[in-house]
Amino acid sequence: MAEAKVLGLSGNEAVAYAVKQADVDVIAAYPITPQTIIVERLSEYVNNGELQAAFIPVESEHSALSTCVGAALTGARVFTATASQGLALMHEILHIASSLRTPIVMAVVNRALSAPINIHCDHSDIMNARDAGWVILFAENAQEAYDLTIQAFKVAESHDVLLPVTVNLDGFIISHSLEVVKVLSDEDVKRFLPRRDPVYPIDFERPTTYGPLALQDYFFEVKRQQADAIGRAKEVVRKVGEEYGKVSGRPYPLVKEYGMEDAEVAVVALGSSVGTLRAVARRLRKEGKKVGVLGLTLFRPLPRDELMKYLEGVKVLIVMDRAVSYGSTGGPLYLEVAGLLFRSDLRPLTLNVVYGLGGRDLRPSDVEAIFNEGFKCLERGRVEKELLWVGVRE
Amino acid sequence: MKEIFKMPESAFKGKATWKEIPIGGIIPEPATSLRYKTGSWRALRPVLDEKKCVRCLTCWVYCPEPAIERLEGDAVRINYDYCKGCGICANSCPVKAITMVEEGA
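From first to last, the protein sequence lines are chains A and B. So for the first sequence, my numbering puts the first residue at 1274; every next one is plus one. So for the second sequence, my numbering puts the first residue at 860; every next one is plus one.
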């Protein structure tokens, strides 16, 4: 392990730095706030010779991802980045990328979907794409955005996976905040992430058909393979997170826990809010309140066993959603957690919090109120309102 | 060669399981369409009256499959293994030498 460097980087710059060190071959991208700085930095790296890669500016996100699919099929290491409307415009290619088993890495800088038009953070963009067959990772801060980007290539390109991976970082909150980021040496990254070993690259000596028609006879089998691959991805993400810990000193569990050894009221969340929740929980625990925080690094595939093992003993479980699943019985994360609980013997009281849409802040006072609501439910022994809209003017 | 590149024989009979076929629906060898007989899709069958045929090859040019074979002296033969029964040959024939008849009739 060479000596780590410490840099002042925004989340976007941290991702770009990781992509440079990953020595990608092809970047195809279209700028969109709040992601633009990632590809802007990468275009500078390519222009000044720090990164030997084909940088392909395209006319839309649909084309960006289509280009990435083609490039990945040749055996190249491929990266793109997007946000919000850009991810929505990619939507049909998201499914094609995963089904053709192209190990693309994409940073998604989470931003609310229009309308009303908004440039700030929520998770409506990625939640809209959660069933597209991609591995979905969530970063809590710029450091995690850097670390997870490097890990994402190793996961995507693993022969047990061969699926595209998104690294999600909250728009502006992570993407534009300057933080202290420890970066690995280029040599360490090279050792951790050797050249991609493609399984079925385009090869003129071996004519191959990619993306053929498959009707009633084979479509189902191809989809079954895909479900199997993303299921296997969990173990790969876990191993890569452990291995990364050996290189960097920062191991990555699938689920981050705080205070769960004795927590009675616990929250589950994604993204930058996990840090806010932990900071408030730390203060409340000092006051003797048994609270705990779970942050999912991996959202797809859902690390079900890893999450469930923390829930024994939890009396009130609060699930935090930064997106709405309109007309459903809860937010996207809530539905996942409720589904897991139903299949277990555990029956904590559950609350679903929808918060932070369109960049509305989640303040420490909001978090404290959320935990207090949990304790009220605990005293009453029941939940009065299952869904709480936190931060909206009623 | 990686295991993943193997196309099992059962794949051509529509019998291979999801564990046996290459990933991503890729077909790792060329010309497999020859082994994919689409003749069973046909509801109408083109029947050629060789006596009327003037050997103009219009049907041979127009057949999208192509399931019309060009023979010695520009005679044609319909390959029923691949013909999907679209009827373009019958429609394009200037001397009405091809008629579409119901399959199984």
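Any given hint could turn out to be false.
Unchecked claim - According to the in silico footprint, chain B covers these stretches of chain A (three or more CB under 8 Å from chain B):
1. 1467-1481
2. 1493-1500
Claimed, not checked - Capping the alpha-carbon separation at 27 Å, the derived lysine-lysine pairs in DSS-like fashion look like this:
3. A/Lys1278 - A/Lys1588
4. A/Lys1559 - A/Lys1278
5. B/Lys955 - A/Lys1496
6. A/Lys1278 - A/Lys1293
7. A/Lys1559 - A/Lys1293
8. A/Lys1512 - B/Lys878
9. B/Lys872 - A/Lys1496
10. A/Lys1496 - B/Lys878
11. B/Lys910 - B/Lys878
12. A/Lys1529 - A/Lys1559
13. A/Lys1455 - A/Lys1278
14. A/Lys1588 - A/Lys1529
15. B/Lys874 - A/Lys1496
16. A/Lys1563 - A/Lys1293
17. A/Lys1582 - A/Lys1512
The hints are simulated quantities; they were obtained by calculation from the structure and are not laboratory data. Please read these numbers as outputs of a predicted model, since none were measured by experiment. Heads up, the beta-carbon is just placed ideally off N, CA and C, and yes, glycines get one too.
>> If you count the residues of the stretch 1467-1481 of chain A with a beta-carbon closer than 8 Å to a beta-carbon of chain B, do you get 3 or more?
In response: Coverage by chain B holds here, the residue count being 5 at a Cβ distance below 8 Å.
>> So if I understand the rule, the pair passes when the alpha-carbon distance is 27 Å or less; does A/Lys1559 with A/Lys1293 pass?
In response: Violated, because 42 Å separates the two Cα atoms, which is more than 27 Å.
>> Against the 27 Å threshold, does the CA-CA distance of B/Lys872 and A/Lys1496 hold or violate the hint?
In response: Answer holds: B/Lys872 to A/Lys1496 is near 19 Å, not above 27 Å.
> Within a Cα-Cα threshold of 27 Å, do B/Lys955 and A/Lys1496 meet the stated pairing?
Replying inline: 46 Å, violated
>> Just to be careful, I want the Cα atoms of A/Lys1559 and A/Lys1278 compared with a cutoff of 27 Å; is the pair within it?
In response: 34 Å, violated
>> Check the hint pairing A/Lys1582 with A/Lys1512 against an upper bound of 27 Å on the C-alpha distance.
In response: OK: A/Lys1582 and A/Lys1512 at ~18 Å, within 27 Å.
> Given the hint that A/Lys1278 pairs with A/Lys1588, does the C-alpha gap stay at or below 27 Å?
Replying inline: 43 Å, violated
>> Need the status of pair B/Lys910, B/Lys878: alpha-carbon distance at most 27 Å?
In response: 52 Å, violated
>> Tell me if the straight-line CA distance from A/Lys1512 to B/Lys878 falls inside 27 Å.
In response: With Cα atoms ~24 Å apart, A/Lys1512 and B/Lys878 stay inside 27 Å; holds.
>> Need the status of pair A/Lys1278, A/Lys1293: alpha-carbon distance at most 27 Å?
In response: Judged against 27 Å, a Cα distance of about 15 Å means the pair holds.
>> Can you confirm whether the C-alpha distance between B/Lys874 and A/Lys1496 stays at or below 27 Å?
In response: 16 Å, holds
>> Against the 27 Å threshold, does the CA-CA distance of A/Lys1529 and A/Lys1559 hold or violate the hint?
In response: 20 Å, holds
Violated hints for the displayed structure, listed by number in ascending order: 3, 4, 5, 7, 11 and 16.
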